[in-house]
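A.B. asks: Here is how the chains run, residue by residue.
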Amino acid sequence: MPTTPQDAVHAHSSNTVRASEPRNLPYTTRNLRRPRLPPHINAALRVAAFLTALTALLTAYRIAPETTNEDYYLLFWLGFAGGLGLLSLLALSVSSRPLWRTTAISATALYTLVPKLAMSPTHPIYFDETAHFEITRFVVSTGNLFQASPLLPIGRDYPGLQAVTAALNFLSGAPLWDCALAVVALAHVSILLIIYRTARELSLSERASTAAALSYVLMANFVYGDAQYSYESLALPFLFAAVLCFLAALNAASHLTRLRFSALGLLAGTTCIVTHHLSALGMLLLLALVAILYRPDTAPACSTPFTALLRYAYPLLLTSILILWIGLVAPATVSYLLPHLTSSLRDLSDTLHGLLWGAPTPMSSFTPSLATNSLGLRSPFEHSDIPLYEHLAGLLAPFILFAVFITACLAIRRSRASRRTSAWYLAGAALYFVSLPLTLLPAASTGAHRSWATTFFAVSLTIGTASSATPPTRHRHIRRAYLSTRPIALGFLLVTVLMGDVTQGTAPDYRFPGPYEFGSDTRSVTAETLAMADWVKRHLPPPAHVVTDRYTAIALTNLAAAIPAVNTPQLQIADFWYDAYPPPPNLLAHMQAAGFRYIVIDDRTALYAPLEAELFYPSEPAIVPATNLTRLRTWPWLHTIYRSTHYVIYRVSFHAYDNWYPTHRHPVLAP
Amino acid sequence: MIARSLFRTDTRLLPPLLALVTLLALIVPYPLRLLPGIVGFLAPGASTLAAIRQDTRREGALELLGLGALASSSLYIIGLLLLDSSGILITRTSVVVFAASLTLLTSMTYTLRLRLLMRASAHTDSTHD
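First to last, the protein sequences are chains A and B.
Position 254 (the first sequence) corresponds to 254 in my numbering; numbering is contiguous.
Position 113 (the second sequence) corresponds to 113 in my numbering; numbering is contiguous.
By construction, these hints were calculated from the structure, which means they are not laboratory data.
Note that the structure is predicted; figures quoted are calculated from it, not measured.
No residue lacks a Cβ here, since even glycine has one placed at the ideal position from N, Cα and C.
Treat each hint with caution, since some may be false.
Claimed, not checked - Facing chain A, from chain B, some residues (calculated, C-beta under 10 Å):
id, residue
1, Y30
2, Y76
3, I78
4, V95
5, V96
6, T109
Given these sequences and hints, build the entire structure.
C.D. replies: Shown next as structure tokens:
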């Protein structure tokens with residue numbers, strides 16, 4: 001939202017602003033005359049190429065479930081990178097008007113949603129979106145916010161996503177899942193448009209701002225993770241909007257404009273706080289960087305005592321709101337986030353100890369299923385059957401991004417004014433690079449991944465700055481060669497980064513449908529599961545309260561609107577699977593009080609270890625003892641009401657249990 | 001000058017008018033009401049942003065809509081939190097009433113802006129005369 005005065009203020013001050021503008025015309029690729037097609041044929045060819053790319057992308061998803069080789073990976077990249085490339089060229093074209101640029105940016109954001117939509121067009125399939133959609137169903141049916149899902153208890157305290165989806169549902173009358181997808185699509189588009197606006201606010205040129213916006217697509221979670229129906233997907237645009245409004249308020253030429261942007265930014269920031277905890281923390285981090293490091297050479301009208309007050313009051317006010325929200329409404333946030341933080345620090349300390357003293361040390365057992373080496377470090381892609389080129393791209397991507405970061409640093413080093421306006425996002429980008437090695441630590445890996453959504457905002461602005469950097473030499477021929485090969489080289493490098501980051505950010509089963517895999521959130525539903533869920537929907541009183549493992553719980557929540565129990569210290573349902581002793585009376589009493597009358601068993605839990613996450617709790621035994629499942633058939637207080645090849649559903653008779661338990665409290669020994 | 005001001009003001013009046021049309025379109029059955037429903041969802045935010053900005057036409061329409069979506073979301077989230085904390089059930093009726101209030105508020109803001117702009121324009125013209 002640059003206004004005329006601030007444009008005037010910054011026009012002289014940034015060497016990143018006009019690098020690709022007509023000033024450099026003698027050296028730009030535009031000036032390298034080549035034979036050109038008539039415009040209408042050119043446009044028709046581009047449309048045909050785009051449709052071909054889209055078809056390739058959709059074909060990859062159509063053939064993935066039946067194809068055993070890696071052909072669909074190649075088709076995916078041809079379609080995905082091809083489509084994004086065409087839209088990016090349109091956005092970055094020298095002749096594009098601002099409306100075309102923003103249209104192309106919006107279309108790019110929508111195109112990045114295609115893979116996720118191809119995965120779950122009719123209902124949620126990922127774990128997080130299953131939980132969030134369940135909460136939304138509860139909000140719509142009860143008419144109250146702050147509903148809890150057993151799958152994600154912390155979701156109760158952050159009702160922003162559910163509120164906006166319910167409002168859209170009530171206003172439009174559209175099906176709830178369509179409203180959920182519409183909210184995600186609006187948020188996805190808004191993210192890129194806000195980055196574009198932020199870059200313009202920082203006086204980057206239109207093309208550099210477009211490059212900054214488009215480069216956020218390279219963020220590891222943008223294509224799948226943040227396209228899911230989850231609170232982070234909606235909180236991110238609020239986060240970035242709060243930063244944008246803060247910058248606009250600091251740059252504003254009049255008190256009224258400053259007040260307006262401050263009010264809008266505080267509204268966006270508050271909404272971010274009530275929508276997602278980690279995004280709120282990320283927002284405070286970015287605001288702190290802006291407050292400390294953003295020092296534009298402003299006109300005297302902009303340098304008032306009020307601006308000086310605003311610089312610190314704005315982040316402090318939002319910090320106070322976050323503290324109040326956590327203290328009064330969401331105290332569980334502390335106990336939810338603290339174990340992640342402490343285990344990450346413990347892993348870091350253990351690793352440093354191992355590196356310094358040369359002895360492997362025991363790692364925390366927070367994520368035991370991840371492959372680690374003798375130092376306790378994770379080995380990237382070790383158990384992943386991705387193609388070799390994705391593997392290589394995943395390893396190269398951080399180095400390419402780091403080279404871009406260095407280029408941006410070199411580009412601004414000569415101008416004091418540029419350093420003063422760019423330092424905050426270069427510092428944010430540096431935090432991104434610091435977080436990369438942390439992904440090798442088992443416990444810190446998740447936290448590092450989650451921080452990228454915030455820090456990559458700064459990386460995007462860095463890429464925008466680097467994209468308009470002038471060639472590193474004054475020699476005419478070298479400059480000419482540099483400018484003529486730059487699009488191809490940049491295209492190749494960016495496709496490599498895109499491929500690498502998508503590979504890093506998302507497991508193969510979250511990216512493509514495929515044959516049945518036990519312990520996969522997305523691939524554990526079979527025809528047998530559908531039949532079982534259909535039976536539950538038709539025969540059990542809704543909503544069916546069931547005790548079952550994580551993967552059956554996801555299927556029953558999505559397909560039968562069931563309410564699964566979650567393993568907690570008060571309700572240790574995992575005892576049915578892992579404990580050799582019969583379940584104790586206090587467990588049954590809690591089940592009865594909470595209405596959990598049905599137990600759903602998948603006998604494959606005794607055959608296979610889960611692929612992704614644990615069945616019930618971290619550090620659980622790898623395999624369920626088979627005798628613990630077979631014994632259930634002999635207990636008279638469990639009545640079999642449904643049986644298929646792998647699934648059994650029992651109804652619990654609490655009265656029969658009370659009579660039975662006193663004489664059967666001993667364990668069943670394995671033969 | 002007057003015609004120019006009116007044109008600019010008309011542009012600003014568009015989002016609240018769209019919102020009013022959308023609220024009327026609620027009687028249209030699904031799937032016809034999906035699109036106007038979304039536009040109605042965007043309208044209050046887009047209007048708020050247009051009110052904040054001095055000149056809507058200088059900014060990209062898509063950016064305005066994208067940011068408007070966020071502003072709308074903010075208003076709905078904060079509004080529904082207030083409804084919830086007041087013990088009011090979040091139902092179709094309460095949300096539609098809430099949306100209508102937002103639309104009315106932004107429309108009134110624009111009406112006020114229209115009068116101010118007209119007055120300023122008349123003053124400028126008389127000065128030039």
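A.B. asks: So, for every hint listed, does it hold in this structure?
C.D. replies: Checked hints:
1. Y30: Y30(B) check passes; min Cβ-Cβ to chain A is 5 Å, inside 10 Å.
2. Y76: holds, 4 Å
3. I78: holds, 7 Å
4. V95: holds, 4 Å
5. V96: With a minimum Cβ separation of about 7 Å from chain A (threshold 10 Å), the hint on V96(B) holds.
6. T109: violated, 12 Å
When the structure is compared with the earlier hints, a violation turns up for hint 6 alone.
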